[in-house]
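> These protein sequence lines are chains A and B, in that order.
The first sequence runs 36 to 388 under this note's numbering.
The second sequence runs 36 to 388 under this note's numbering.
There may be inaccurate statements among the hints.
Since the list gives no way to pick one copy over another, a pair counts as held whenever it fits inside one copy or between any two copies.
Stated by the list, open to error - With a straight-line Cα cutoff of 25 Å, these simulated SDA-like cross-link-like pairs (lysine to any residue) come out:
#1 Lys-296 <-> Asp-162
#2 Lys-296 <-> Pro-75
#3 Lys-296 <-> Thr-164
#4 Lys-296 <-> Phe-76
#5 Lys-296 <-> Trp-161
#6 Lys-295 <-> Asp-163
#7 Lys-296 <-> Val-327
#8 Lys-101 <-> Ala-221
#9 Lys-101 <-> Gln-250
#10 Lys-285 <-> Glu-201
#11 Lys-387 <-> Arg-345
#12 Lys-295 <-> Pro-75
#13 Lys-295 <-> Ala-319
#14 Lys-295 <-> Asp-74
#15 Lys-341 <-> Pro-64
#16 Lys-295 <-> Trp-161
#17 Lys-387 <-> Ala-319
#18 Lys-101 <-> Glu-213
#19 Lys-295 <-> Phe-76
#20 Lys-296 <-> Asp-74
Since the hints were made in silico from the structure, they are not lab data.
Since the model is a prediction, treat every value here as computed from it, not as a measurement.
There are 2 protein chains.
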Amino acid sequence: MTMQPDTTTSTTTTNAVEWLTHARTLFEPAMRAAVGRLDPFLGQVASYHFGWCEPDGTPADGGAGKALRPGLALLVAKAIGGDRAVEAAVPGAAAVELVHNFTLVHDDIIDRDRERRHRPTVWSVWDDTTAILAGDAMLSLAHEILAEAGPHADPAAAALAVATREVIRGQALDVAFERRDDVSLAECLGMEADKTGALLAVSASLGAIFAGAPQSTVAACHTFGAELGIAFQIVDDLLGIWGSPAVTGKPVFADLAAAKKTVLVAWSIERGGDAGADLATWFASRRARSEVSHEELEHAADLIEKAGGREWATTAADTHVANALAALDGIGLDDTAHQTLIDLAHFVTERKL
Amino acid sequence: MTMQPDTTTSTTTTNAVEWLTHARTLFEPAMRAAVGRLDPFLGQVASYHFGWCEPDGTPADGGAGKALRPGLALLVAKAIGGDRAVEAAVPGAAAVELVHNFTLVHDDIIDRDRERRHRPTVWSVWDDTTAILAGDAMLSLAHEILAEAGPHADPAAAALAVATREVIRGQALDVAFERRDDVSLAECLGMEADKTGALLAVSASLGAIFAGAPQSTVAACHTFGAELGIAFQIVDDLLGIWGSPAVTGKPVFADLAAAKKTVLVAWSIERGGDAGADLATWFASRRARSEVSHEELEHAADLIEKAGGREWATTAADTHVANALAALDGIGLDDTAHQTLIDLAHFVTERKL
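Bound-form chain A, shown alone (with noise of 0.2 Å):
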């Protein structure tokens, strides 16, 4: 599978985002309702964390991110129920994107992030102790929210609870992998699968349990969650390096500023031979200092493409968008909803390079 001509993509494009606008309308008003049960305080803290209102609680719009994953789990609704699942899978979207902004918070302290989406951390605005309570009320929240879902409640809050169980083991292996020098390619798969991939999956999922799916309609769509989410997380291992700073944010090259070390970097160690060697001699040298140049983290980009590795993570990451896809094929889904499925699988692994 090749990247798609840019006129698909622009049609893509639009359709996803479309869907994500949409989706958005359908949602957030759960998740306004839900935050605001909370006490003043840790619901203005939520509230500014979603981009609702300022750290002071004047009104804001903005820096909510593309809430991928309610989008998700509403389109999968929509592709096998139509819009009575659409409208039954609400508190399930709510929750999911409950989930993943608790997972920010907290892994925002524990990175020390300063900022994200172009605003201030939780943490940074106030403290820690305040970022810990406000993931845990998230959490909190999301399974408060789904235990008065309906008949469907119990199957969505077990999955999601796995799933969330997933993201805090690829948190803290993510942590430990830091410390390590002798990190494998598969352990890395392994990592970003549970980082990244849980909750994509069990957003899909989500979707087809709140639309009365059969098991194996269920176990299609965590699977098509699933080779989604990793390959979104391959694309953004890619964008750390590659990425045009207008598009991403972050200075061109940063992951190798980071020291980070992704898929990328494992599959280039391993498998990219005197390049990868090199490379592998670059990281460790790497760690004992503090800073290092421009020349220095081209070098290192150098000996990734070198050894193969931006080539292999290319073609990873139009495989894992085609075994996204397949995992769809034959369960029935609504036409137009699966073109938007499919529109969505392709926008989320966009190569902004």
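With chain A fixed as given, assemble chain B onto it according to the hints.
What follows is chain B alone, placed relative to chain A:
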């Protein structure tokens, strides 16, 4: 209501301790199975927190706490529906103990407490990252096992999530109050009801829910737990000032040394006349300094006593225990289990001064 005479307290203690010991054999296997689902690292961290192993994984036995909440859940189930209900309630008991311990692991980071149950806290053995992720994993696990708990899973999960939201609100208020000089008695009582009352209330509710009790019985059990929780917290506040170091494991006047604004302090300042005004002055000057002599702490404790705070708290604790017990009247509990519930209420509000 007055303190139980010594002989009654003896029997009370025996019955209550016997039940808690027995209850542990019922819910702990479910907790170990739940923790066994975690990745090896976070599983080991959680096992350490629960007293099952040393930080390096060597098996250990101890420091697991009283396990009051799961014991209460199972005892309420027994009082309503006998041994079959106890069996059904095991996931609820394990879930509430997981949630309680999630709050402890995160609170210890927030309060920078280095010791819990005579062992180093998770963040002090590992780091904040590990404690954040281990706490997150426990909260998520609680909902994972509840979602698999059969026909009562939904109301149980909803009740537990609401209680969790209240506990988080209480913790946020507790932190906010430390920075304020004007915390009213009503605010303080509300905060303590959230922090301690909410989880004891839901523990009792969960027992009733899993026993298949009607809504009125669930509500009565909720009141029992909530009132017991308030009494428990007031007694804890009394012990925090006048408790015997041999019993509490803390120095005498510990809460005063930490400048903790408990309900005892709030009541004394608001209703304690001249002595209360002197106490307010003492607290205002206390905040600015770091070290306080034993004589000064003794003086502050005397002011609380003169203000009538100690007497009020002693009476208030008895009143809340009486309210708790009154809530159980007429809901048709099994006589023996009902008596053990009464014993448990007295046991957890004993004042070992």
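> If a hint holds in the structure, say so; if it does not, say that too.
These are the hints, each one checked on the structure:
Within a single copy, Lys-296 and Asp-162 get their C-alpha atoms only as close as 28 Å, which misses the 25 Å cut-off; across copies the closest is 22 Å, which meets it. Proximity of Lys-296 and Pro-75 under a CA criterion of 25 Å is satisfied inter-copy only: 21 Å between copies versus 40 Å inside one chain copy. Taking identical chains as interchangeable, the C-alpha atoms of Lys-296 and Thr-164 lie at most 25 Å apart only when they sit on different chains, with a minimum of 19 Å there against 29 Å within one chain. Within a single copy, Lys-296 and Phe-76 get their C-alpha atoms only as close as 38 Å, which misses the 25 Å cut-off; across copies the closest is 20 Å, which meets it.
For the homomeric pair Lys-296 and Trp-161, the shortest alpha-carbon distance between copies (23 Å) is at most 25 Å, but the shortest distance inside one copy (30 Å) is not. When the C-alpha separation of Lys-295 and Asp-163 is checked against a cutoff of 25 Å, the pair qualifies both within a copy, at 24 Å, and between copies, at 21 Å. Only within a single protomer do Lys-296 and Val-327 lie at most 25 Å apart by alpha-carbon distance; the minimum there is 16 Å, versus 50 Å between protomers. Within a single copy, Lys-101 and Ala-221 get their C-alpha atoms no closer than 29 Å, and across copies no closer than 43 Å, so neither meets the 25 Å cut-off.
In this assembly of identical chains, Lys-101 and Gln-250 lie within 25 Å of each other by CA distance neither inside one copy nor across copies; the values are 29 Å within and 42 Å between. Taking CA atoms no more than 25 Å apart as the test, Lys-285 paired with Glu-201 passes in neither setting, with 28 Å inside one copy and 39 Å between copies. For the identical chains of this complex, Lys-387 and Arg-345 are intra-copy neighbours only, at 14 Å inside a copy versus 68 Å across copies, given an alpha-carbon limit of 25 Å. Proximity of Lys-295 and Pro-75 under a CA criterion of 25 Å is satisfied inter-copy only: 23 Å between copies versus 38 Å inside one chain copy.
For the identical chains of this complex, Lys-295 and Ala-319 are intra-copy neighbours only, at 12 Å inside a copy versus 49 Å across copies, given an alpha-carbon limit of 25 Å. Taking CA atoms no more than 25 Å apart as the test, Lys-295 paired with Asp-74 passes between copies only; the shortest distance there is 22 Å, against 38 Å inside one copy. Proximity of Lys-341 and Pro-64 under a CA criterion of 25 Å is satisfied in neither setting, with 50 Å inside one chain copy and 53 Å between copies. In this assembly of identical chains, the alpha carbons of Lys-295 and Trp-161 lie at most 25 Å apart only when taken from different copies (22 Å versus 27 Å within one copy).
In this assembly of identical chains, Lys-387 and Ala-319 lie within 25 Å of each other by CA distance neither inside one copy nor across copies; the values are 30 Å within and 58 Å between. In this assembly of identical chains, Lys-101 and Glu-213 lie within 25 Å of each other by CA distance neither inside one copy nor across copies; the values are 28 Å within and 38 Å between. Taking the shortest Cα distances, Lys-295 and Phe-76 sit within 25 Å of each other only across copies (21 Å), while inside one copy they are farther apart (35 Å). Taking the shortest Cα distances, Lys-296 and Asp-74 sit within 25 Å of each other only across copies (21 Å), while inside one copy they are farther apart (40 Å).
Going down the numbered hints, you'll see the structure goes against 8, 9, 10, 15, 17 and 18, while the others check out.
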